[in-house]
Amino acid sequence: MKLDRRLSAGIIGLIILIATVGGVLYFKSESTFNQLSSSTIVATVNPSELLKSGSPPVRGSLNASVTIVEFGDFQCPTCGAWYHEQEPLVLQNLVDSGKAQFEWRDFDFFGPDSVSASEAAYCAGEQGKFWQFYDIVYSNQQTPNSGWADFVHLQKFAEQLGLNMTQFNASFQSHKYAALVNMNYALGTQLGVTATPTFFVVGASGRIVTITGDQPYSVFEASVNSLSGT
Amino acid sequence: MLAITAIYGGLLMFLDQFLFLAPYFVLYVRSNDIGILLIDIALSLLTGFVAVVSFRELKSGFGKTKSATRIGVVGMLSALIAGSCPCYYLVPMLTIAGGFGGVFGTAGILLSVYQLPIKLISVILLLLAAYGLEMNARRACILK
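Chains as they are written, first to last, in the numbering used here: chain E, 1 to 230; chain X, 1001 to 1144.
Hint data in this document are derived by calculation from the structure and do not stem from the laboratory.
Backbone N, C-alpha and C define an ideal beta-carbon position, used for all residues, glycine too.
One should not assume that every hint holds.
[As the list claims (entries may be wrong)] Among the chain E residues that face chain X by a calculated CB cut under 7 Å, a handful are:
#1 T143
#2 V209
#3 G213
#4 Q215
[Said to hold, decoys possible] Quick partial rundown of chain E residues pointing at chain X, CB under 8 Å, derived from the structure:
#5 P77
#6 T78
#7 A81
#8 T210
#9 I211
#10 D214
#11 V219
#12 S223
Next comes chain E alone, as it looks inside the complex:
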């Protein structure tokens, strides 16, 4: 009978745990959004200023009033899913139309190959092929840390893009972008990034909408429209 009571208590405990975790996740996501979109916090932490730091790779018109900043990891399967299903719609309807520009910042946490992939992409950027490298890496994404993004494979991607391999190898092996990778991680952490992909949609006024996860195009469209006033 004692054991029965323990099991009953276990079931009740499990239900309470599920409800609590659900509640915490709900309020966490709400507070992240509120924190970053609230003007008082913007004044103290100033995330929109933080997001202007450095010169990340950009797609689209520099005159666009809204900027979509993605914090992603090349090895993250959810980032890969977003890349394949939502990014084409975002690029076609929001970036190519001039409403928004799209920036990418690495937030590498899956493993050392994530860092290598980001550094290799920046090396490709030296030869004007960052976005081509970005496309080829996401298009070849496999299980994280299975070796698909190690240096040998990254070299193959670079060769496929016709990069100058001497320059690419020298640049990669010097780890000249290691500091940038660290800076982006620190920046993401400062901005409250705890998952990938996380997007910050930044309006001209500095207002920010945070989008976490593989969310559909409609959310991006609504966010961009609300920040650009259309």
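Chain E is already provided as a structure; the job is to place chain X on it using the hints.
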């Protein structure tokens, strides 16, 4: 039962990134993930049933409820753990573990990779639990 099904289902859908609460409330199912959504629905319904029936049977002091309940609890928990995308919890976990490549990171990636088989095993465990509870109730009714 409906409340438990709804809470558990909501949590599974949130962790599987079907349900988003911010910046807007969105329910979105990727074309490739319809199978996982159906498994989530099955898991939620079975969880609601197993939780409520286990609780009632335990309260009534039926004979062999404990083992079925234990199987059910394992099924509920494993589905929940397998359901959560590592992209959601790896960053905080790695902060605790002190960098990538640790046990948490590896476990998170494995859980994500084997999400589907783990969830299917969870469905089987919950079905076994539901069957056990049903048989137990029938036996008790016959005896009474």
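- Query: What hint numbers does the structure not satisfy?
  - Reply: Violated hints: none at all, because every hint is consistent with the structure.
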